[in-house]
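Q: In case you want the letters, here they are:
2 protein chains.
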Amino acid sequence: MVVGELAHEKDLVIIGGGPGGYHAAIRAAQLGKTVTMVEKESLGGVCLNKGCIPSKVFAHGAERLAAAKQDEMLGIVSSGISFELAKLASYKNQVVKQLRDGVEALCRANKIEVIRGSAFFLSTDRIGVENEDSYEVYRFKEAIIATGGTPVKLAGPPEVNARVIDSWSIANLAEVPEHLVILGDDYIALETAMTFKAFGSKVTLVLCGEREEFSFDASINRELNRILKKSGITVAKGYSFEEVGLKSDGVSILLNGKKGARKIEGSHLFYSLGTKPLLDNLGIDRLGMELSEEGLVVTDSSGRTSIRNIFAIGDVTEGPQLAVKAIKQGKTAAETICGRKSENDLTFLPVIARTRPPIACAGLTEQEAKHQGYDVTVGEFSLAGNGYATILGKKDGLVKVVFDKESDLMLGVHLIGQGAVELISNGITALEMAARDEDIIFPAYPHPSINEALLEAAEAFKGEAIHSIPKKVTVKI
Amino acid sequence: MVVGELAHEKDLVIIGGGPGGYHAAIRAAQLGKTVTMVEKESLGGVCLNKGCIPSKVFAHGAERLAAAKQDEMLGIVSSGISFELAKLASYKNQVVKQLRDGVEALCRANKIEVIRGSAFFLSTDRIGVENEDSYEVYRFKEAIIATGGTPVKLAGPPEVNARVIDSWSIANLAEVPEHLVILGDDYIALETAMTFKAFGSKVTLVLCGEREEFSFDASINRELNRILKKSGITVAKGYSFEEVGLKSDGVSILLNGKKGARKIEGSHLFYSLGTKPLLDNLGIDRLGMELSEEGLVVTDSSGRTSIRNIFAIGDVTEGPQLAVKAIKQGKTAAETICGRKSENDLTFLPVIARTRPPIACAGLTEQEAKHQGYDVTVGEFSLAGNGYATILGKKDGLVKVVFDKESDLMLGVHLIGQGAVELISNGITALEMAARDEDIIFPAYPHPSINEALLEAAEAFKGEAIHSIPKKVTVKI
Numbered sequence: 001m002v003v004g005e006l007a008h009e010k011d012l013v014i015i016g017g018g019p020g021g022y023h024a025a026i027r028a029a030q031l032g033k034t035v036t037m038v039e040k041e042s043l044g045g046v047c048l049n050k051g052c053i054p055s056k057v058f059a060h061g062a063e064r065l066a067a068a069k070q071d072e073m074l075g076i077v078s079s080g081i082s083f084e085l086a087k088l089a090s091y092k093n094q095v096v097k098q099l100r101d102g103v104e105a106l107c108r109a110n111k112i113e114v115i116r117g118s119a120f121f122l123s124t125d126r127i128g129v130e131n132e133d134s135y136e137v138y139r140f141k142e143a144i145i146a147t148g149g150t151p152v153k154l155a156g157p158p159e160v161n162a163r164v165i166d167s168w169s170i171a172n173l174a175e176v177p178e179h180l181v182i183l184g185d186d187y188i189a190l191e192t193a194m195t196f197k198a199f200g201s202k203v204t205l206v207l208c209g210e211r212e213e214f215s216f217d218a219s220i221n222r223e224l225n226r227i228l229k230k231s232g233i234t235v236a237k238g239y240s241f242e243e244v245g246l247k248s249d250g251v252s253i254l255l256n257g258k259k260g261a262r263k264i265e266g267s268h269l270f271y272s273l274g275t276k277p278l279l280d281n282l283g284i285d286r287l288g289m290e291l292s293e294e295g296l297v298v299t300d301s302s303g304r305t306s307i308r309n310i311f312a313i314g315d316v317t318e319g320p321q322l323a324v325k326a327i328k329q330g331k332t333a334a335e336t337i338c339g340r341k342s343e344n345d346l347t348f349l350p351v352i353a354r355t356r357p358p359i360a361c362a363g364l365t366e367q368e369a370k371h372q373g374y375d376v377t378v379g380e381f382s383l384a385g386n387g388y389a390t391i392l393g394k395k396d397g398l399v400k401v402v403f404d405k406e407s408d409l410m411l412g413v414h415l416i417g418q419g420a421v422e423l424i425s426n427g428i429t430a431l432e433m434a435a436r437d438e439d440i441i442f443p444a445y446p447h448p449s450i451n452e453a454l455l456e457a458a459e460a461f462k463g464e465a466i467h468s469i470p471k472k473v474t475v476k477i
Numbered sequence: 001m002v003v004g005e006l007a008h009e010k011d012l013v014i015i016g017g018g019p020g021g022y023h024a025a026i027r028a029a030q031l032g033k034t035v036t037m038v039e040k041e042s043l044g045g046v047c048l049n050k051g052c053i054p055s056k057v058f059a060h061g062a063e064r065l066a067a068a069k070q071d072e073m074l075g076i077v078s079s080g081i082s083f084e085l086a087k088l089a090s091y092k093n094q095v096v097k098q099l100r101d102g103v104e105a106l107c108r109a110n111k112i113e114v115i116r117g118s119a120f121f122l123s124t125d126r127i128g129v130e131n132e133d134s135y136e137v138y139r140f141k142e143a144i145i146a147t148g149g150t151p152v153k154l155a156g157p158p159e160v161n162a163r164v165i166d167s168w169s170i171a172n173l174a175e176v177p178e179h180l181v182i183l184g185d186d187y188i189a190l191e192t193a194m195t196f197k198a199f200g201s202k203v204t205l206v207l208c209g210e211r212e213e214f215s216f217d218a219s220i221n222r223e224l225n226r227i228l229k230k231s232g233i234t235v236a237k238g239y240s241f242e243e244v245g246l247k248s249d250g251v252s253i254l255l256n257g258k259k260g261a262r263k264i265e266g267s268h269l270f271y272s273l274g275t276k277p278l279l280d281n282l283g284i285d286r287l288g289m290e291l292s293e294e295g296l297v298v299t300d301s302s303g304r305t306s307i308r309n310i311f312a313i314g315d316v317t318e319g320p321q322l323a324v325k326a327i328k329q330g331k332t333a334a335e336t337i338c339g340r341k342s343e344n345d346l347t348f349l350p351v352i353a354r355t356r357p358p359i360a361c362a363g364l365t366e367q368e369a370k371h372q373g374y375d376v377t378v379g380e381f382s383l384a385g386n387g388y389a390t391i392l393g394k395k396d397g398l399v400k401v402v403f404d405k406e407s408d409l410m411l412g413v414h415l416i417g418q419g420a421v422e423l424i425s426n427g428i429t430a431l432e433m434a435a436r437d438e439d440i441i442f443p444a445y446p447h448p449s450i451n452e453a454l455l456e457a458a459e460a461f462k463g464e465a466i467h468s469i470p471k472k473v474t475v476k477i
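Taken in sequence, the protein lines are chains A and B.
Those letters in the first sequence? Residues 1 to 477, by UniProt numbering.
Those letters in the second sequence? Residues 1 to 477, by UniProt numbering.
No lab work stands behind these hints: they were computed from the structure.
Incorrect hints may have been included.
No copy labels: a pair is met if it fits in one copy or bridges any two.
[To be verified] Straight-line Cα separation of at most 25 Å, PhoX-like style, residue types lysine-lysine; simulated pairs:
1. K405 - K341
2. K395 - K97
3. K341 - K471
4. K87 - K69
5. K395 - K87
6. K258 - K237
7. K111 - K471
8. K97 - K394
9. K405 - K263
10. K462 - K111
Pulled out of the complex, with its shape left as it was, chain A reads as follows (with noise of 0.2 Å):
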């Protein structure tokens, strides 16, 4: 870099446009910022073209292949149903154009100034940005990092290949796995699983960090067992692993535990074991950012970070890594910036999984308030129990909610059935409203409807749901 080299001016640079720093450019752009976003590959990110909306895509098709061998009891007739990955690879190619065309045109419409190339930080007040063989420098006044993270990779060799893959090489498997060995115990993990399970794979889901449990409320934990079982997913849990061996026509990973080692074949690993940030060769280093000791940028409730006109949003910072978390962050920093008192309250961050049946969690577990100091009251009801779930043949699942008994607020409410991710933003209203019991019962909900279940759930607090056979409890009236 040649000193007094001119510099453009800008007002706020954003670094990545994946879903934290769209969102925080068309909301800066809304109110009345003069926007530059720098993206090194495609606009929408790692979420878009890479993670949640490819996965997504391919859950739907597995629902609806489930689905589609269940037909013939609903009257609907077909001579043999078979599946084509490839079809549904090209549906799912088709979906991201879209939605990333989509983003493209509101960056446009909102005039947001899109520039193609990596960015570095030469000062706390100017980039540098390099596109092959161009390079140029702007200054800014205030700047967002949003340039996401990347799978963590498996420890040792092989690197990703055709048999060993991530949640970044998955979409584009040419054919279904014979047997899919799965490490890892996130969303991702679980959704893989299911997904390749209904596509016709075997499937082996290995719990790693000699883990021995899911890590949701225990009795969506209890559920999901019970439906992986039913489903005839293989689950090992509390071992950690150990090497993946390459053979011609497969892999073998060892695995070690308390149990002692075990070997398991399979055709295919595929592995989900977390994000990690995408810093390395963003020059941070040279502007004595403070980042914790994970190596993540620290900040304020408004995404501020040590250095007062740059903020971090979305994988780069602490707290869970989701799209959902980037998109708050990314929309509070934007406002922060523009004048507009925002902060960041991740407290009631929901926890989704598009498995079959979904997952969709919000607040505390039930081992959680207890840890936390309180004393605890749950209600629960079972989707067995409710008629539109049996109309709909989703009879799996249940619904919990988690209360403090002293003062009847409502602590967590955790579902696994259908539409569990629909009904969590009642969850998470009522959380952020501090609702209690009665603000969850007085209302009326749609009758059929799965919405019954949350209510019978909380009815259930107090042995009141109507669908449950009654225990022995006593009433206070």
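Starting from the known structure of chain A, arrange chain B on it as the hints suggest.
A: Chain B in isolation, oriented as in the chain A frame:
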């Protein structure tokens, strides 16, 4: 009846075992009452046996049939799909039996005595129950009238027959009608129109009573009309029904309106003209019970009639004739009888149509809010801008929120589109808790999800929906 004849002594007697009745019975049993329920036909009532549940099974079948025809783009390949109504009807019978068995089991488990027969009041504390040759008299402390209603009949002959059908008889059709003419504009008429269109019928929907429009919020009406047109359903507006002629191979329906007379030829006529309360043979005339001008039982907010120890719930009372109302009233009446302070507030009763896509509304429409004198602002968001709707290929629909400009209080939520039914509970909880726009905007919404459309509708209220092309608006910070 013989004076002085022996009466069986009962505690709480509930007349009618439909959704209102059995919810009341179970809640009262939960609170310690000894409950007797009199039912002349099947437990579960019209809703379970003839109404909501059968029609929802059909709607579910229709949705899946339509989906199956689009599955190929998801890689789900089959060689030709045909539809057999008889198989769906058989599945419907299974579902109905399963749910009815469930209600019976719950009644047994809650030690509710179920008496078969027709009940009528002898006095304010005695009823007679007739069942074929048997006749018994029961003395009660409290009674709940939950006898429900029957479909209002079409004026003049012919009665319901193989070609002229109502909401009770449609689920028994042997074959898919070639051309189904539908008279009515309520959710039943709409569901039937869309269900049978998916089954392969030609469908003509006639809004009766010279109505020019559906009764939803204007934005929902607009989108609904667009979807009806797109799906090939003909809608005739502004006519009143004159007469139906029966021919050997169909029906001939004569309409009249401002635009003159019109004759529609079809293979079948279906009509849905509301519900008539079932009070005729109940003997309430001799009790001096207060009725409304329309012949409905007048109650206070707990469900108590003008006779202190007799309550009434559901379709025999004023207000919308929906199961959701009966259920809420049933529990409230039971709780009141058991000494708990409880009341019905039906302000935010949801209106649901399991159309394709579904419709779900609660609170005031924009028109109603203006009419009531509010200074109204609205936010609207199209599902075409929602990522998850794109994944599902379900981009029809919109979300609209109605706010009071002065207080920012939410007055109504209106949804048409995938997930509408599940999401309305978020809206209802928010309305019940007196949410303002910020209470909808602040929470985190799962990504990608249909839920985000509700958020963006609320954001649109301030011109801040992320996925809408910006209009020229003045934004206040």
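Q: If a hint holds in the structure, say so; if it doesn't, say that too.
A: Okay, the hints, checked on the actual structure:
no.	hint	verdict
1	K405 - K341	between (34 Å within a copy, 21 Å between copies)
2	K395 - K97	between (36 Å within a copy, 16 Å between copies)
3	K341 - K471	between (50 Å within a copy, 24 Å between copies)
4	K87 - K69	both (18 Å within a copy, 15 Å between copies)
5	K395 - K87	between (30 Å within a copy, 21 Å between copies)
6	K258 - K237	within (10 Å within a copy, 73 Å between copies)
7	K111 - K471	between (62 Å within a copy, 12 Å between copies)
8	K97 - K394	between (32 Å within a copy, 17 Å between copies)
9	K405 - K263	neither (47 Å within a copy, 65 Å between copies)
10	K462 - K111	between (55 Å within a copy, 19 Å between copies)
The earlier numbered hint that this structure contradicts is number 9, and it is the only one.
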